[in-house]
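K.L.:
Work out the full structure: start from the sequences and follow the hints.
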Amino acid sequence: MYELIVIGGGPAGLAAAREAWDQGLRKVLILERDQELGGILNQCIHNGFGLHHFHEELTGPEYAARFIQQIQDTDVEVQLDTMVLQLLPGAPHQVHCVSAQHGYQILETKAVVLAMGCRERARGAIALPGERPAGIFTAGAAQRYLNMEGYMVGRRVVILGSGDIGLIMARRMTLEGARVLACVELMPYSSGLTRNIVQCLEDYHIPLYLSHTVTDIRGHNRLEQVVVSQVDEHRRPIPGTELVFDCDTLLLSVGLIPENELTRQADIPMDGRTHGAVVFENMETQVPGIFACGNVLHVHDLVDYVTAESQRAGAAAARYVQGEQAAHEALPLTHGSGVSYTVPQRIRRGSGKVQVLFRVGRVFGTSRIVVKDDTGTPIAQFPRSHMAPGEMEQITLPGVLLDRAAGGLTLSIEEVEET
Amino acid sequence: MYDVIILGCGVVGAAAAYHLARYPLDVAVLEAQNDVANGTTKANSAIIHAGYDPEPGTLMAQLNVEGNRMAGDICQKLQVPFARVGSLVLAFDEGDLHTLRTLYHRGVQNGVPGLELLDAAQVRQTEPNLSGEVVGALYAPTAGIVDPWQYALAMAEVAVVNGVTLHRSAPATAITPVEGGYAVTTPKGVFEGKYILNATGVFSDQVHGLLEEPDYAITPNRGEYYLLDKSQGHQVSHVVFQCPNEKGKGVLVAPTIHGNLLVGPNAQPVADRHDLGNTAQGLAFVRKQALRSVPGLNFGENIRNFAGLRANSTRSDFILEESQTHPGFFDLAGIKSPGLAASAAIGKWACDRILEKEPHLGAKPDFVDQRSHVMFQHLSPQEKNALIARDPRYGRVICRCETVTEGEIVAALHAPIPPYTINGVKRRCNAGMGRCQGGFCAPRVQAIIARELGLDPCEVLLDQEGSYLLTGETKGQGGNAHV
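Protein sequences appear in the order of chains A and B.
Just so we're aligned, residue 1 is where the first sequence starts under my numbering, counting upward by one.
Just so we're aligned, residue 1 is where the second sequence starts under my numbering, counting upward by one.
No lab work stands behind these hints: they were computed from the structure.
Treat the hints with care, since some could be wrong.
Chain B side only, calculated, beta carbon under 8 Å to chain A, not exhaustive [unchecked claim]:
1) Arg-304
2) Leu-470
3) Thr-474
Here a beta-carbon is modelled for each residue, glycine too, at the ideal position from N, C-alpha and C.
P.N.:
Written as structure tokens, this is what we have:
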């Protein structure tokens, strides 16, 4: 019987496992489906990781290496090349997994941390019309080919979506000798980090077409052309605005989806907005003893935030195993006007100060983040000069205010009239 | 000289080969593409229709009902995923109810067993997620869902195991009469055969034209589809059709044999027989029509769109006939819906014609009528463990969405008809068929193909000739040096 099984050995799983170890757990197992720890960081060979957590700039593999070392300094057990097929909540929880080395195993544990990460939305998710030739890759798959396998995927490239991976790949393909003809974004703003727009597109004179999308794909065998059209305010293509690009490669950077098939199978309540589990302030799902953190819970833009969140999950899992029951009344936290989601969605009274992560639904200028209770009374306000959907927001709610709040909480954005 | 040359290894050509392989005949199958079943067989509704749709007395009616009966038995013997889930044709108004009665009577005449007309309450009890506007339905218990590609592959593999020769990348470029038969010229050489079966799908009029002017033409008609995630797979448990009416044939919503949900198709005549593109209008039509049947469909859970070409022709029935001027040359053409359902019977029809010409032939005593196809995800934990103990590669999951192991992929790569391409592996093992659409596993599958077949990874294609994925190595002698 394990005290804790962590499903996934990427940045979330590594941080959660190490924190649980530091808090005193001694029977901890990480199950990782790939052949090495580190997750998707291993293919992110660019820098920019660790500015918050380590106060220095690291590459993805360097960031991962530090946490892998932290795990190797402990007696946390690791099984690589091991795929979890099923999670059965209960007392104890059961984890069914398979590997070449151990065959089909049914493992028992007191607590579980879900840290499976996310996957890229593929072409089907946006029902992209046109033919289906070779040469259409998700940006992450292209990144794997280039950075892990050592192969180029094309010579003339259009990128659909301005998510961070797409922006990073615009630069990466350029550095490898490809011509990146355009980065095309459906929305009137980019969903990527501003620093990536500057460093990956502008520095290489790659045009960014906002409010545009791909409306046709041509080529029977390998991609030959994509057609790009401007869209109106309802995101419908405007006839007559077509631009035709001769290219052999289309990279898709059209969003990430938390990989929660195990979670759904286990009947753990989900949030339709985050596509992750509904969690309390300590990252515990609605099933006692099962926690979730990192991109499986909601998609982050900085790994540093994944680390912080996962440390909270690891610490809470340790407290759970050590018998500390969190049985206080829980307040629902709802996303109000201008907010697309919040994590957590439930806050237990008496938890002390609570970190709330959320995303806004559109770009905001000078505005304030307002948290109200059921009576409509604001319990906290936070001013901001700029917020965008591409950058996750964070606030800390003091415990004393939470204890005083009447009923459920709503987090919303109010624009401030500039005078 | 071969006894029989089958042109085309779609489900019809494969079925003909499967039946002919039972007899002491030298049979060759010539497939134009680099893999079997890459035309209409790979992109259709994946339905084994019950047989109430075709006009009584037609070949379509007879062979559909017979093919439906045969499919269950063949799929069981050859381990092809198949389930007789039954179908419903929905009525939304009085006119539709009238159509249902017509279909019912047609079905009875065609010999379709178990047909029932259901009232609105019975329909809702059978399928709770259907629209409240449904006023009745025709229920056909014998309709089934199948993996059409596996169906074709399985029949082709058994044919090959029993001595049939298959050549891929061998399109016919000329057909000429020779002493005692015909010579078929292909890039893989010239093949002579006493009898020719033309099963080349949407190209069958052109292939027939290599020998003589055909008296029919294929008029390809494109149908577009959505394939939704398994999260939507339980929206319906039967194949749900709409009534054909003046607005069109209607759009179906059906569970797939792999647990996804298939939605489509529209119908659009096309001139380019290679154009399998989707269109924004076509997809919008499919969405709108499907929501009439099942209002709760979540198209946000779409994992793939695709399109297929129906081999419609200038005739209304299947074109199964011997050339009047060139005896021994048979068309198996114009195989539109319900072609998949009828395919096994079409193959048998063709085999019977050859046996009429060669009446002395008796069945081979050593015909092997079975095939094994291991799908790891469907095994019990004990079976999984036993398999991994025997071959640890079955413990290495390559496709995480569909739980496909390295062992299954390696087995496919050494099967009687091995794949050379990533999509060839996908269609055989399901790797890359799931919600991430190969985003994670494609590079791994590519590496396994290269390793097992001794290829450079850059030579491993996505699908048909010309569908290359990699342009060279990075920062080396790669393909980008000149850019």
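K.L.:
Now tell me if each hint is right for this structure.
P.N.:
Hints versus structure:
no.: 1; hint: Arg-304; verdict: holds (4 Å)
no.: 2; hint: Leu-470; verdict: holds (4 Å)
no.: 3; hint: Thr-474; verdict: holds (5 Å)
Going through the hint list in order, the structure satisfies each hint without exception.
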